[in-house]
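**Student:** The chain contents come next:
There are 4 protein chains.
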Amino acid sequence: MKFGIIGLNGRMGQEIRTLFEEDRHQLVFSYDKDGVIQSDIPDVLIDFSLPEVFQKTAEFVKKFQCPLVIGTTGLNEEQFAMIKALSEKVAIVQSYNFSIGIQILLKATELLKEHIGDWDIEIMEIHHRFKQDKSSGTAKMLGKVFDRDIPISSLRLGNIPGDHSVYFGSMGETITLSHRATSRRTFAEGALKSAKFLRKRKHGLFSFKQVLFSK
Amino acid sequence: MKFGIIGLNGRMGQEIRTLFEEDRHQLVFSYDKDGVIQSDIPDVLIDFSLPEVFQKTAEFVKKFQCPLVIGTTGLNEEQFAMIKALSEKVAIVQSYNFSIGIQILLKATELLKEHIGDWDIEIMEIHHRFKQDKSSGTAKMLGKVFDRDIPISSLRLGNIPGDHSVYFGSMGETITLSHRATSRRTFAEGALKSAKFLRKRKHGLFSFKQVLFSK
Amino acid sequence: MKFGIIGLNGRMGQEIRTLFEEDRHQLVFSYDKDGVIQSDIPDVLIDFSLPEVFQKTAEFVKKFQCPLVIGTTGLNEEQFAMIKALSEKVAIVQSYNFSIGIQILLKATELLKEHIGDWDIEIMEIHHRFKQDKSSGTAKMLGKVFDRDIPISSLRLGNIPGDHSVYFGSMGETITLSHRATSRRTFAEGALKSAKFLRKRKHGLFSFKQVLFSK
Amino acid sequence: MKFGIIGLNGRMGQEIRTLFEEDRHQLVFSYDKDGVIQSDIPDVLIDFSLPEVFQKTAEFVKKFQCPLVIGTTGLNEEQFAMIKALSEKVAIVQSYNFSIGIQILLKATELLKEHIGDWDIEIMEIHHRFKQDKSSGTAKMLGKVFDRDIPISSLRLGNIPGDHSVYFGSMGETITLSHRATSRRTFAEGALKSAKFLRKRKHGLFSFKQVLFSK
Chain A
1 MKFGIIGLNG RMGQEIRTLF EEDRHQLVFS YDKDGVIQSD IPDVLIDFSL PEVFQKTAEF
61 VKKFQCPLVI GTTGLNEEQF AMIKALSEKV AIVQSYNFSI GIQILLKATE LLKEHIGDWD
121 IEIMEIHHRF KQDKSSGTAK MLGKVFDRDI PISSLRLGNI PGDHSVYFGS MGETITLSHR
181 ATSRRTFAEG ALKSAKFLRK RKHGLFSFKQ VLFSK
Chain B
1 MKFGIIGLNG RMGQEIRTLF EEDRHQLVFS YDKDGVIQSD IPDVLIDFSL PEVFQKTAEF
61 VKKFQCPLVI GTTGLNEEQF AMIKALSEKV AIVQSYNFSI GIQILLKATE LLKEHIGDWD
121 IEIMEIHHRF KQDKSSGTAK MLGKVFDRDI PISSLRLGNI PGDHSVYFGS MGETITLSHR
181 ATSRRTFAEG ALKSAKFLRK RKHGLFSFKQ VLFSK
Chain C
1 MKFGIIGLNG RMGQEIRTLF EEDRHQLVFS YDKDGVIQSD IPDVLIDFSL PEVFQKTAEF
61 VKKFQCPLVI GTTGLNEEQF AMIKALSEKV AIVQSYNFSI GIQILLKATE LLKEHIGDWD
121 IEIMEIHHRF KQDKSSGTAK MLGKVFDRDI PISSLRLGNI PGDHSVYFGS MGETITLSHR
181 ATSRRTFAEG ALKSAKFLRK RKHGLFSFKQ VLFSK
Chain D
1 MKFGIIGLNG RMGQEIRTLF EEDRHQLVFS YDKDGVIQSD IPDVLIDFSL PEVFQKTAEF
61 VKKFQCPLVI GTTGLNEEQF AMIKALSEKV AIVQSYNFSI GIQILLKATE LLKEHIGDWD
121 IEIMEIHHRF KQDKSSGTAK MLGKVFDRDI PISSLRLGNI PGDHSVYFGS MGETITLSHR
181 ATSRRTFAEG ALKSAKFLRK RKHGLFSFKQ VLFSK
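As you go down the protein sequences, you meet chains A, B, C and D in turn. Residue numbers in the first sequence follow the numbering used here, run continuously in steps of one, and reach 215 at the last position. Residue numbers in the second sequence follow the numbering used here, run continuously in steps of one, and reach 215 at the last position. Residue numbers in the third sequence follow the numbering used here, run continuously in steps of one, and reach 215 at the last position. Residue numbers in the fourth sequence follow the numbering used here, run continuously in steps of one, and reach 215 at the last position.
These are calculated hints, taken from the structure and not from any lab test. Hints are supplied without guarantee of correctness; some may be wrong.
Keeping only pairs whose Cα atoms sit at most 20 Å apart, straight-line, the calculated EDC-like set for lysine to aspartate or glutamate is [stated by the list, open to error]:
| hint | chain 1 | residue 1 | chain 2 | residue 2 |
| --- | --- | --- | --- | --- |
| 1 | B | Lys196 | B | Glu15 |
| 2 | A | Lys113 | B | Glu110 |
| 3 | C | Lys196 | D | Glu114 |
Covered stretches of chain C, going by a simulated chain A footprint (3 or more residues, C-beta under 8 Å) [as the list claims (entries may be wrong)]:
| hint | segment |
| --- | --- |
| 4 | 4–13 |
| 5 | 31–45 |
| 6 | 134–146 |
Note that the structure is a prediction, hence the values are computed from the model and not measured. Using N, Cα and C, we set each Cβ at its ideal position, and we do this for glycine too.
Please model the entire structure based on the sequences and the hints provided.
**Tutor:** Printed below as a string of structure tokens:
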């Protein structure tokens with residue numbers, strides 16, 4: 001497909017460009033602080049940039065009447081309302097976490113909850129020393145799968161990008177579900193999956209979870 | 001419920017008795033090399049003993065017209081045929097592995113295959129030094145979930161009862177599903193779950209997988 | 001060697017007997033609530049029983065003038081004084097933890113502290129759900145290796161006998177030292193090593209650490 | 001100190017510059033394909049570039065009569081001879097692996113070999129799918145610590161930079177030593193440690209192991 005990137009020169013913009021081109025798609029549009037570069041009309045726009053750019057993104061979506069994958073974090077309510085409005089005309093995937101693995105981990109955690117939700121359960125996460133918040137948002141999200149409070153242990157260590165584990169223990173066995181992030185590339189893969197998902201949609205607002213798990 | 005155990009004095013017999021009694025069920029019948037002890041008619045019979053005892057087990061099932069949970073390994077075809085015949089009158093659960101965790105691990109592996117079956121996949125198992133076969137049967141069973149050959153690494157170490165891990169890796173993240181056996185008690189728990197499952201069944205032959213996952 | 005066991009019928013007594021006999025030593029003396037069984041004079045006495053038995057143990061040591069390996073926990077100060085007095089005539093190993101692996105883990109932790117003690121350090125321990133105290137004594141012991149406070153994460157899960165990990169992280173790598181207990185047999189192995197160590201000693205009071213690391 | 005970098009614009013050159021400057025050292029000299037940039041005479045030269053550049057490196061070392069840290073791989077015998085000759089006048093650290101953690105892992109492995117070298121031992125390594133060789137050089141190096149053949153399991157998974165584990169198992173416990181690389185920065189840290197080590201040396205050829213472990 002022909003794709004466009006908002007925020008091409010940022011770290012995520014570069015990751016997305018690389019992956020999409022490896023998968024033989026063609027960059028035909030970009031917007032960055034240096035302005036617009038365009039060689040054709042894009043089939044899909046990807047935006048993992050900043051909230052203050054969103055106004056421009058919305059304009060491009062309207063202009064091209066093309067689907068949008070948006071992973072920008074920190075959007076305000078007005079901007080969400082704008083996304084909702086846009087989605088009546090075009091198809092949009094919006095999420096704060098485009099990691100496929102974390103969505104799969106959640107899915108597996110839900111599966112285990114269904115069958116062994118009464119076992120002892122513990123969550124552990126390890127992140128780099130610079131991470132200020134304890135526990136991580138993802139660990140909390142995993143904990144919310146359950147109907148009761150699950151203890152979360154948080155380790156801060158060197159430059160670990162992010163490890164998450166969910167432990168289940170009975171009197172005779174333990175099961176552990178673990179996820180380990182190794183690079184930002186995973187988010188680009190989530191964007192690509194979303195872009196492909198949108199090709200079959202006329203309009204509507206979708207979560208990344210829907211991209212992965214709806215038929 | 002009132003339960004009976006074939007092979008009460010064996011290691012599994014003792015585990016089963018302990019767990020069932022903890023769950024407030026009542027031992028009313030047992031058979032062992034010392035003979036029969038009986039105080040009432042059992043609601044269910046449990047047999048995790050030896051193939052040579054099965055003839056007796058079948059007789060008791062007929063006599064009491066009660067359901068049976070059988071975990072005996074090494075049964076021959078004739079004995080399987082007898083189980084099948086018995087199951088026309090009473091409900092029976094038969095399996096070679098009553099570990100709940102391994103069944104759950106399989107289920108989770110199938111879930112991940114569905115979504116990320118194209119990632120790199122590796123299986124690792126660790127067992128005690130006395131284990132002769134490489135790879136373990138359970139590791140092979142996990143490998144068979146996939147449509148392609150999955151490499152299995154086998155470590156032999158001390159007295160580890162049994163660790164199994166399935167690794168999934170993409171260019172940006174890894175997910176690991178791990179199971180670790182810590183005692184035989186887990187098999188007793190599988191027997192208890194099966195016994196409870198059978199209370200709602202009039203007749204038929206069921207696998208342990210059905211006990212866990214059928215509604 | 002010819003060995004004697006105080007508390008033969010307890011769980012540790014049985015483990016010790018089994019291991020020593022596997023290593024081709026001969027049980028010639030035992031003391032239990034049923035009394036004394038003796039066929040010869042022991043070369044060494046092993047006591048992993050209870051504090052209230054210690055008076056008897058001391059008498060036997062004096063009588064046989066033989067070395068003693070004592071792993072009984074909860075001894076009071078008077079009893080320690082008695083051990084010290086006995087050790088002027090016979091050689092004694094006393095410790096609260098005869099796990100070889102934990103001592104080795106400590107040694108490795110000390111080695112890493114020397115070289116990378118300025119890295120981020122975290123300790124994690126996992127124990128069965130019945131363990132009341134957080135953190136475990138062993139985790140605290142590992143933390144005391146360092147000159148600063150080390151965070152300890154404690155997970156309570158099923159029937160895990162005891163896992164301990166020490167994590168070291170820099171901006172480019174992590175090192176983890178992990179110990180996992182799989183059975184009580186390890187303590188019997190510590191007793192055997194101690195008994196062999198004592199054969200070369202005339203008298204004196206030794207720790208299990210000295211058994212392992214002194215030349 | 002004032003430092004110079006051969007191959008400033010390469011990935012390792014940039015890592016080294018960043019780390020040294022964070023530690024408040026001053027870049028006063030660099031050499032790259034664009035030529036020489038010099039503001040002062042360096043106290044030490046760092047070269048993690050390519051074998052074909054080594055001739056130039058040797059000239060700079062002679063000119064400045066300053067110590068050298070060289071991590072270039074693939075040097076030929078003639079070049080090694082030249083390093084040896086240079087080291088009669090200046091102090092040099094040469095190694096193929098400047099990871100502090102791997103050296104520490106080796107050291108810990110040697111410690112454990114000394115005490116529990118008769119336990120069951122297994123080595124496992126996980127690397128990205130592009131790694132052609134099985135087993136990794138580092139895994140082999142770890143195996144060579146022992147006097148007997150140690151099985152090595154090799155997993156190939158996604159983009160894992162490099163995990164190495166050494167397992168020790170007895171009948172009652174296991175100990176695992178694990179190393180995980182998370183970035184190239186670790187090699188820059190090894191270069192910095194080496195540069196500091198050299199300040200106290202007049203001349204001589206040193207390994208990175210000596211930098212870390214000699215007093």
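**Student:** It remains to establish, for every hint, whether it holds in the given structure.
**Tutor:** These are the hints, each one checked on the structure:
The hinted pair formed by Lys196 (chain B) and Glu15 (chain B) meets the criterion: a straight-line CA distance of about 17 Å does not exceed 20 Å. Distance check on the hinted pair: Lys113 (chain A) and Glu110 (chain B) sit about 16 Å apart at the alpha-carbon level, within 20 Å; holds. Proposed proximity of Lys196 (chain C) and Glu114 (chain D) is supported: the alpha carbons are some 18 Å apart, at most 20 Å. Given as covered by chain A, the segment 4–13 of chain C fails the check, having 0 residues with a CB less than 8 Å from a CB of that chain where 3 are the minimum.
Check result for the segment 31–45 of chain C against chain A: violated, 0 residues qualifying (beta carbon to beta carbon below 8 Å, three or more required). Figure legend: the segment 134–146 of chain C, annotated as covered by chain A; annotation inconsistent (0 residues with Cβ-Cβ distances under 8 Å, at least 3 required).
Of the numbered hints listed earlier, those contradicted by the structure are 4, 5, 6.
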